[in-house]
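Chemist: Chain H is fixed; fit chain A onto it per the hints.
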Amino acid sequence: MIRWAWLLLMCWPLASVADDALTEVMRMLAAVPAMEGTFREEKTLAVLQEPLVTTGLLYYRAPAFLRKRTLTPQPEDYEADGDWLTVETPAAGRRQFDLNGYPQLRPFVEAIRATQAGDRATLERYYQLEFQGTPADWSLRLTPRDPQATAYVTAIVLRGRGGSISSMETLEPDGDHSLMTITTR
Amino acid sequence: MSSVSRPPRTPSPSAEEGSQRYRRLIVSLWLLAVLGCGWVVLTTPVTADLTLFVPRADPVAELLLEQLRSGPTTRLILLGLDGDSETARAAVSRQLAERLRSTALFTRATNGADALPETELQALFAHRYLLSPTLSPDRLTVDGLHAALQQRLAELQSPLAVFQKRWLASDPTGELLSLLRVWQGGMREPTKRLGVWFAPDGDRALLLVETRASGYDLVAQREAVTAIRQAFVAASVGTGVQLTMSGPGVLATLAEDQVRAGAEWLSALALAAVVLILLLVYRSARTVWLGALPMLSALLVGAAAVDWVFGKMYLITLAFSMTLLGETLDYPTYLFSHRRATETVTETLRQLWPTLRLCVATTVLGCLAMLDSDFPGLGQLGVFTIAGIVAALVTTRWLLPALLPPNWAPPRPVTIGAWADAVLHPRPRLALAIGGCGLLVLLGLAIETPPLWEDDLAALSPVPRELLRLDQELRTALGAPEVGHLIVVTAPDAETALQDSETIAAYLNRRQTEGVLAGYDGAMRYLPSVHTQRQRQAALPDTESLTANLTAAVAGLPFKSGLFAPFLDAVAAARTASPLRPEDLSGTLLGTRVGTLLFPGERGWTALLPLSGVRDSRTLAADLPRVEVGQAYYLDLRAETNRIVAGFRGAALQRLAWGFALIVAVVWIGLRSWRRVIAALLPVLVALVFTVAALLAAGERLSLFHLVSLLLVLGVGVDYGLFFSRPDPDPDRRRRTLHALIVCCGSALTVFGMLSASTLPALRAIGLTVALGVAASFIVTLVAARPLLTRMN
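Residue numbers (the numbering used here), protein chains in the order written: chain H, 1 to 185; chain A, 1 to 793.
The shape of chain H in the complex, shown without the other chains:
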């Protein structure tokens, strides 16, 4: 019992150090007014013989505009602005969704958008946060709080340096996973 108490006491400063670092990273991310970059995403899926690689452009503007424009292999455009998600695909054309109406979509959008915005409150609403590293080189593991969301996603891991995100890895319960690397321009 005493040993447990000791352990707890020893960990206390560590936890608060991690918390301080997360706060610092969030502050740095929040200070970024806009971002433009390219991405390369590699999806490893059980149904496909080989990984599916997509590339494209990524735009962000504080506080709530995020656009993922896929160029290859199929052009696709996803634009999240506030509560609205606009999807444009060659097959279905342009469609708009109210994110409020599709609660299962929201965590996906917020994983990257709220992180880039340094909006910790929103992140905490959907995920449990696990921070590792230092503000100069960090990783943030997001575990969905909603049990319905865990059916689709085990965790999302974001890595970054200071106020810029360098990669986002999505792990799914069936073993499928994807890694998106971001190069800021």
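In short, the hints are calculated from the structure, not lab data.
Treat the hints with care, since some could be wrong.
Stated by the list, open to error - PhoX-like, lysine-lysine: derived pairs with alpha carbons at most 20 Å apart:
{"#": "1", "chain 1": "A", "residue 1": "Lys560", "chain 2": "H", "residue 2": "Lys43"}
{"#": "2", "chain 1": "H", "residue 1": "Lys43", "chain 2": "A", "residue 2": "Lys312"}
{"#": "3", "chain 1": "A", "residue 1": "Lys560", "chain 2": "A", "residue 2": "Lys165"}
Modeler: For chain A alone, kept in the frame of chain H given last:
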């Protein structure tokens, strides 16, 4: 009338009448009769539906009523949640829907958040190749498959792929998605916020509830409404969210509440006024409760007679009959005003008896014509009034003297000064002028022919207009089918009904693209006919060619080999599966949905296609395709209801004409003089012309309620005519008659004048018509009855 309810018509030898035993016998007989009638009334159900208006053997009308009673659109309750924040509204919406789903009262409680339960999803998935509307033969060719697979691959690159890839291996052509679209469609789905339905501006969260009970089962609807309110109270604890509700059931219960509240308040007031008048005039509390006895007996006996003959009572019959029995309030007044200290109560009654008897006989005969009728409503009205009015007469003639001391007279003697003689003095010129006026007005009505009738029942709905607007708002926001328009298909069996529905659906699709209607629903959307399912099966390729097609289609695409084996198996299984029939769906949500739109009845099956956003019902109805075996009807509920009401009114008018002929005959039998017949009846006819003209001038259109009120005016007016035209040489008795009629007319004017101030359209109609009619009858008969008599003498 029932035999138990009538006190015996004992001849009344005056020697015995005084004896206590005789009095006790009368009173106990009356009490027995009242108790017996009360028991019959209490044990018989009162129903509130429209069947009483409907003539027997009218197929469209029967369909319509079936719809009104139990159609799926009448079961819908629309809910709106306002106030507080958006998150609060969404949270309450979720909780409320969950609570409502857990009760057995509702077959559906949706707010947009209700994804199909996994078992139902699996059921749809299992039958996708028979049910999917998008499965055409070219979908499973090499080209079709290749296109589908390319699309699936494109979807895999999307961030949303996590939701879709689950179905990829067994449903590469995406039939499940088509089925889900059908499931959610039918109506245009409202916008969603925070996962639940909201009105476009986001101020109001929306829910749609379907009750298990029919919309016209008022008791069950009240239960449902109460359950919703309770669930809402529990779901909204601690928030400022407010609930609004609409739908046929809600409106009907609300109408009942409104009528009850409005009628109770007004009738209490009217009762107080009548009591006050009686107290002021006669200065005796006895006159108040004795005066009420004939009316009370009339109501009880009338209701018991209807219950006994018909086994049930319509709410509206009760309301109409109570109006008609207003005449019975006059009977005791005739007695009180004619009381003189020089004679016994029984003697006074004997004096009045011939006239009183004739008053009752005219009313009874007027109603007798209604008995021979195809309309159960008219029949009930007739039986009620006849039994009631006879009971009132019997009560007045035999019970009142048994309850009064033989020499009783009102404490305040009926004093009516010399002015009465002046009023009663015959004025032939004035009478002629009034008659001329009446003729002119009649001529004017004949030439002008203003719109006379109001057949729209909705115009008489006691539901406030804001609520009807709210109903429309909720309906538009939810895209719910309107109650007004639907296509009904009847067929000998479910399969034919479905096939016919498919024929009509093809027609509706075409019309929809032309913009004639916004959408429609129907069982065939969820469950195609066996015929269609077999066609789909026949078009499915065998495993060999499908495998060949798939291999060719998958070439060049990165899918793992063997991935689509479940797809091949599923198609192979579907080729030999037995088609789905309605009975296979029982117990599922899909089955419930189909069951409200396709159901067996007494003569085969009925399929319903509710329409929404109909822009041109006439064109839509005119070009409705002919179906082969069954029959398809376009029902515009409102137009049909109006047609039925108009038919009812026509029948009532015709019978009224017969009734009037009978009245003339009986008055002639009673008076044995054409002059007296004319003196008694002509003035009331003139008064009726004036009344109708005044109503029309006031901007009213005549509804059934006006018509029934005019019947009462006729009954009362004939009484006035009969009393005023009595060739009584005794001036004192004439004064007393005038006194009686002033009291009668005064109390009728007070009571019905109060009703005319009501905001309820039906009460207003009754009040206005009777008040105007009674006043006109009084004045015209007063002025014209005696001149008509004396002049001809």
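Chemist: Looking back at the numbered hints, which does the structure fail to meet, lowest number first?
Modeler: 2
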